[in-house]
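Q: The lines below spell out each chain.
There are 2 protein chains.
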Amino acid sequence: MANIRIGLDAMGGDHTPFESVKGAFKTSVLAEFADVDIVLIGNKPEIDHTLSEQGISKTFEIIHAPDTIMMGEHPTKAISQKRNSSIMVGLKMLMEGHIDGFASAGNTGAMMVGSLYTVKTIEGIFRPAISTILPRLSGKHGLMLDVGANADVKPDMLVQFANIGSIYANLIMGIENPKVGLLSIGEEKEKGNILTQATYPLLEDDRFINFIGNVEGRDLFTDKANVIVCDGFTGNVVLKACESMFYSLMKRGIKDDYLNQFNFENYGGSPILGVNKPVMIGHGISKAKTFVNMLKLTREIVESNLIDSIKAQL
Amino acid sequence: MANIRIGLDAMGGDHTPFESVKGAFKTSVLAEFADVDIVLIGNKPEIDHTLSEQGISKTFEIIHAPDTIMMGEHPTKAISQKRNSSIMVGLKMLMEGHIDGFASAGNTGAMMVGSLYTVKTIEGIFRPAISTILPRLSGKHGLMLDVGANADVKPDMLVQFANIGSIYANLIMGIENPKVGLLSIGEEKEKGNILTQATYPLLEDDRFINFIGNVEGRDLFTDKANVIVCDGFTGNVVLKACESMFYSLMKRGIKDDYLNQFNFENYGGSPILGVNKPVMIGHGISKAKTFVNMLKLTREIVESNLIDSIKAQL
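Line order of the protein sequences matches chains B and X.
Going by the numbering used here, the first residue of the first sequence is number 1457, and it counts up by one from there.
Going by the numbering used here, the first residue of the second sequence is number 1457, and it counts up by one from there.
It is possible that part of the hints are untrue.
List of simulated lysine-lysine pairs, DSSO-like, C-alpha gap at most 27 Å [what the hints assert, rightly or not]:
{"hint": "1", "chain 1": "B", "residue 1": "Lys1696", "chain 2": "X", "residue 2": "Lys1596"}
{"hint": "2", "chain 1": "B", "residue 1": "Lys1514", "chain 2": "B", "residue 2": "Lys1533"}
{"hint": "3", "chain 1": "B", "residue 1": "Lys1696", "chain 2": "X", "residue 2": "Lys1647"}
Everything labelled a hint here was simulated from the structure, so no lab data went into it.
No experiment lies behind these values; they were computed from the predicted model shown.
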């Protein structure tokens, strides 16, 4: 069998290509990556320089992409103007089957919009979503989606998020029959906003998922639900608020294993769930370790046939 | 000048009347309460019993209210069926001018709906809001509203929240020309959901407030904005998520002064902003100390003429 090929945007992120190249090397020597080729995509002279600077003798396949989309750039403008950027070159390679998965810690919006233009949304999916891991006090992990791809959603989109999230929780996180909760502001069916009130009965009627009802903000870090669905506005605000609380407490010098789990750099990123190929969005301030986790997760998603499972359930 | 009279729901909350009565006594002996009468409203035999049980010899005015609205009860149903509940008796006394302010740690929904039926919304206000204190790493405090009274809001409601919140931040929190931020998922004007995109230009045009633009979830605990406005769905979810993170870290045995500020019991509660009289909602699991802070805050709101200032700005 041919090796799995994973493309890594060597330029995306705050400390690249130094940390991305370092992460790629660390990953490439892992036993589980024996049958995986990591393809570095970005400014070739810069990548070559970084490789020699770090004394890395291993040979990587490098695809030269002279442009880089910066973090603050307007996604749609950037992807149409920078067709030779590492993100667009990577996504095009993915679309054309030259790589099996693509990961970047660069501009999230450009990755999102670029994916829609290249590998495209799975037929039947209204809008792809981005998820986050929720660290639980029990030591387990939950999943929340959407956390930013869709600021305004409709009930049937939340139902799809519930389905996609359940498949992800099962295949990638190893959770049997994952419990799905609808994020709301009260446990009772009639509590919440117009969106959640309209979504609740649809989730109840969905035979593919294990819907347990509404969950509240206070349930994010308990094991009440394995998968929590919400609009991308609420999800993004709450994710960033918790992350900010984590950084504030870090600044206070607090050291704690559970608190450390709120360092979302540890998780390697989130796939764009609902597109036709494995696309992974990493944390902007990613260090080498994050790139390692990002590549590991991308490999798992490729190997699990997650996308085929999503297509099958639709 | 006649004493200020503050009504306290002795029954509302998880540990009442024990903690409420204890809190009322502790407050009554404070120097700043020399010109304040605390009126206890609730089941008189139970209150009398608690007073003697705690060996409190001080005489309180007690208004007998035989019913209690429980935490889980449906607000509208409860207030129509339990007219002799401590909440409804207190609100009626407030409406009729027998007390100057009313505080309860009981059923938030019943306090909200009950207020609308009794003391009523200030003319010109679309919907009252509930706020929360945001603990900042700097040691300062911010204000966020709405955090649960209005799950679905319209742009002009957010503009009113910005105005009411600014007046509150100025008069009660002592912040000059408070900076107002719109909670969103991106700093740029065009970022966010349909609601925030429509609200942004209205806030820009409002000459009574000091609008600084969008703020994100990560800005909740920085000093970027003094007053943060959002819909009550997002506000409630994020508040409960942060509170839950606090409780989780407490369970881990972490002791830290900043972390302790996320114990919202410390703040005594939130007034219902936008009704004609001072109505204070306390934290359900309030202990004596919380009741002390609740009564202090109620007194400040009465003395500051907050409500007249809100009326004047409309």
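Q: Just pull the numbers of the violated hints for me, sorted ascending.
A: Hint check: 2 fails alone, others pass.
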